[in-house]
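**Q** Using the hints, position chain B against chain A.
Line by line, the protein sequences are chains A and B.
0 is the number of the first residue of the first sequence in numbering that gives the first Met the number 0; add one for each residue after it.
0 is the number of the first residue of the second sequence in numbering that gives the first Met the number 0; add one for each residue after it.
There's no promise every hint is true.
Given that identical chains are not distinguished, each listed pair holds provided it fits within a single copy or across any two copies.
Here are the simulated EDC-like cross-link-like pairs (lysine to aspartate or glutamate), alpha carbons at most 16 Å apart as the crow flies [to be verified]:
| hint | residue 1 | residue 2 |
| --- | --- | --- |
| 1 | 183 | 72 |
| 2 | 22 | 451 |
| 3 | 32 | 66 |
| 4 | 152 | 247 |
| 5 | 87 | 5 |
| 6 | 130 | 176 |
| 7 | 310 | 72 |
| 8 | 357 | 72 |
| 9 | 102 | 18 |
| 10 | 88 | 3 |
| 11 | 169 | 3 |
Keep in mind that the hints were calculated from the coordinates and are not lab data.
Number of protein chains: 2
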Amino acid sequence: MPSETDRIFSNFKEHSVAEFFKKNKQMLGFSGKTRSLTIIVHEYVTNSIDAAEEAGILPEITVKVDEIDKDSERYKVSVQDNGPGIPKKHIGKALGQMLAGTKFHRYAQQRGQQGIGATGCTMYAQVTTGKPIKFISQYDGKTLKGEISVDIKSNTPLMQNVTEEDNVEKAHGLYVEGEFGEVKYDRSQGSVFEYMKRTALANPHVSLTLIEPSGERVQYPRSIEMCPPKPKETQPHPLGLAVSDLVDLAHREGPNVTLAVFLRERLQRVSDAKVGELAAYLNGQTAGLAFVDFKKPAKDFTWPEAESLVKAFTMVKWIAPESNCLRPIGAEHIQKSLTSILAPEFAAVTERPPKIYKGGIPFLVEAAIAWGGQSGHQLAEGGRGGDIIRYSNAAPLLFDISGCSITKSVKEVDWKRYGIDDFDKAPVSIFVNFVSVHVPYTSAGKQAISDEEEVYAEIKFAVMEVSRKMQLHLGGIRREHEQAGRRAAVLRYVKQLSKDLTELAAKGKADELQARLQNLIETKYMSQIMEGKDEAVGGEEGDDDGEDEGEEEGDGKKAKASKSAKSGKKAKNGNGKDAEDEEE
Amino acid sequence: MPSETDRIFSNFKEHSVAEFFKKNKQMLGFSGKTRSLTIIVHEYVTNSIDAAEEAGILPEITVKVDEIDKDSERYKVSVQDNGPGIPKKHIGKALGQMLAGTKFHRYAQQRGQQGIGATGCTMYAQVTTGKPIKFISQYDGKTLKGEISVDIKSNTPLMQNVTEEDNVEKAHGLYVEGEFGEVKYDRSQGSVFEYMKRTALANPHVSLTLIEPSGERVQYPRSIEMCPPKPKETQPHPLGLAVSDLVDLAHREGPNVTLAVFLRERLQRVSDAKVGELAAYLNGQTAGLAFVDFKKPAKDFTWPEAESLVKAFTMVKWIAPESNCLRPIGAEHIQKSLTSILAPEFAAVTERPPKIYKGGIPFLVEAAIAWGGQSGHQLAEGGRGGDIIRYSNAAPLLFDISGCSITKSVKEVDWKRYGIDDFDKAPVSIFVNFVSVHVPYTSAGKQAISDEEEVYAEIKFAVMEVSRKMQLHLGGIRREHEQAGRRAAVLRYVKQLSKDLTELAAKGKADELQARLQNLIETKYMSQIMEGKDEAVGGEEGDDDGEDEGEEEGDGKKAKASKSAKSGKKAKNGNGKDAEDEEE
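Bound conformation, chain A alone:
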């Protein structure tokens, strides 16, 4: 007789990653019709830019959206790029298998990284319209055409109608076309329209064309004729490397590679002299730390040895991580873009050195601020409110706004210190581009950056840096204007009061005066108070929240006291450790 346990476990099954994401489409960003369409364009456009850059080609991309059926919210999306194309051998897996691709195992800065996105689009077409994705890949003198879908159960590509011909013009590029349901085209905040605009803003070397369902062509010609350097693979920096990363890396080596050689060859900034320093430190510290034999084969490296070594890493001095693997947009280009698109009264950009986060991963943050003009976004009640323009590796982040480390960092800034009373009601745009060889996204939908301590701190410092620039520039001027306005409002009451009271008080009766004054205030003023629109009258407003802000400097190892004149109590360095307290 089968037991109860047998009954329960008769349900035990395995499922593929494609089944998982089919059932949880929202984790890929497919939730909401406008957003789903944007996610599709985002996946294709980032892949296209990555591919062209990898091949050293100035990217040129045309996105076309056609409405197939208004009632059923079905659209056709096609994307044509001028990249290197995808060879026959790989196109199936590139567009029809999740967790496959050229990027996941590399330690190089690219927009895509997961090997999920394009196949996610194939799956979305399939489950919303039942149709495969059509492709034309031109590469190495060949033209490959066909259709592709995903076998969801096994997470493998299904190809049909595949033909390959010679392509005498040696044209190159990839064309993909799909029909998608449960999507909608508009020009709202999270739309394809906005996505293309933001992509253009941060990618001045890319030529972008959007053909809308109405037939309108929206064009963003490139403003730089120079291809950025190819993404360079880098190696982990010893600082921030976890024990498990170090063991994993070491165990990949062949039997003849010693630990010393492994460290020198596979990590950044490790010289023979540095290995000597590490050995010297460990020899002096045998108590509590495992002995490390730097001459043993790296593949025999043990966990306790790795723990000792990671400890030793933190005790010697290091050169900051290589920055040539990171490709920022560049202050000049950001300034130009912001100026041309937002026409602000003032804009400032910051360039900061690379930092490291957990896992020894180098990153850097580019931040800019724009004030006035078209900065900020249009508020429903009129005027403009603070806007945060987020990017990771120059790819726009349009969704999951509140869950993103960039948003949190910006919101945590004590804006009053920079002359902005209410960020949500100021004509200001904050631009942040997070640049790294691995972006810690909160989910496979790649729309928000996770709250890693070092990342969060660095973004906040970068934003504070540009905010200080803005504050210095604007000086007290704007603030005086505001104060003058408030003063005038109060003085209107005072004038009226004075006039009325001259008569009243002349009669000399304090009681009657009080009654009348009370009446006057209640009629003119109290109605507002009673409706709860004037919370501060009782004077119970809390004090400043004592937010800890500070400036940091240095190589991400030791925090130094900062040169900031304005800010406060505790500084954190790039690795999130507390720095010395400092007072103004």
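**A** The following block gives chain B in isolation, referenced to the frame of chain A:
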């Protein structure tokens, strides 16, 4: 000579889902030390409760956290349950392989659903301490012991030191123990401590014990001695089924099952008569819709036929979805829990009928409100502020607060209409439990519910319903208190003014009076204004934002005008369609 394309694609690789989540641990919720520890406890505790309930056992769970090394933030976590245990054949995959388990393919309400969580913990132990998870599984008269880790590259379990003995006492249960790094124990908001408390709050039939690193035992004995009914598998409801779901389901059938039989057997609420109705509708509507032969084998069902049928589903009347697959906590239990834990002045709970969201998935929302006493959370500046207590299938959601549909729904409520001027500063707790056979989480970390239109609307309506109850109960009393407070504050100024002015005005000089009055106001009052703490003085506060709120009713198909007396312009029904406008 290899081409450029060959060079680029030489990097093309596949990777396992375990590699993916190892590189993106934050997607499983492993970001931040306190949070990471809570995620570990969460995964084990939800599995334990699910397993015991599945076997009809009243759950009894002990969680023990021990500090191993303060400096390296390393803790040992063990969880003992009294569930059915896991047989030898399955324990490897259950604890050491992602995307494997008993829950993913079922259409039944359980806390876990992904088959990732426990293996995610094994992986986290491995990469932070290099150690396997130890387990003792007692089941069917056997005691199985061993250690387990994940082969990350292949996503397969690695077992070692496995022994199996007879267990004459026929004890049952699972014990797991792991050492984890990069974690921290405390009693903060997102801590294990808080997690256990919230689990107890929503699971009165579970007996929970937490043994803290200090040795302190925190006990939550069960308050009901009755096991909830076992989770019942259900079938999709025709409404909300996507074309692809319908095709997928039909194609699973054997060759002898006709479409009509498939519909009747595999979907909820489909009778022979209903099939007749659908056929009649489609016969009358041949233009534009594909002909559907209900006698053909279900496995030959085509996409265009499925499209016709999905259209027809929306044109006939349906009985509401079965609710016996959904296991709410129950209004009585929620009321009891809130009362005992928060000791509020007032609490109200709502019981609402099940609704359907995309994919034909039934769900229901339980909402409650508590006012006064220990409701809300402690504010730094004193007093208590609005708190949102979120659950999905009675499992607490502690993180990704702002990205969650529950949070968004609560924040979108126009609280002023319910007598709450500022939700963030009111002593109020909103309790929401989202109950469904499939929870649309935003990420694999399972801490936030995605913004599905129907889900969002239903949560908001549920919260509005309990808020109305609270408003009716409290009536104008609380508001009067507040007004009296404000009035007193203003009158303090009036009294002072009157006194000072009696003297001044007696001199009869309006100019001087004005100057003095101005001075008085500036000293006493203006400093606050100038610091921007009194925004309303200029009287420019915007109007009510005209938020669209409404009450909805019915079976999730047609919206009816509502019976709500208070609220506004547009109502949405459970499927998110606009209902008729209504005026007060």
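**Q** Of the numbered hints stated previously, which ones are contradicted by the structure, given in increasing order?
**A** Violated hints: none at all, because every hint is consistent with the structure.
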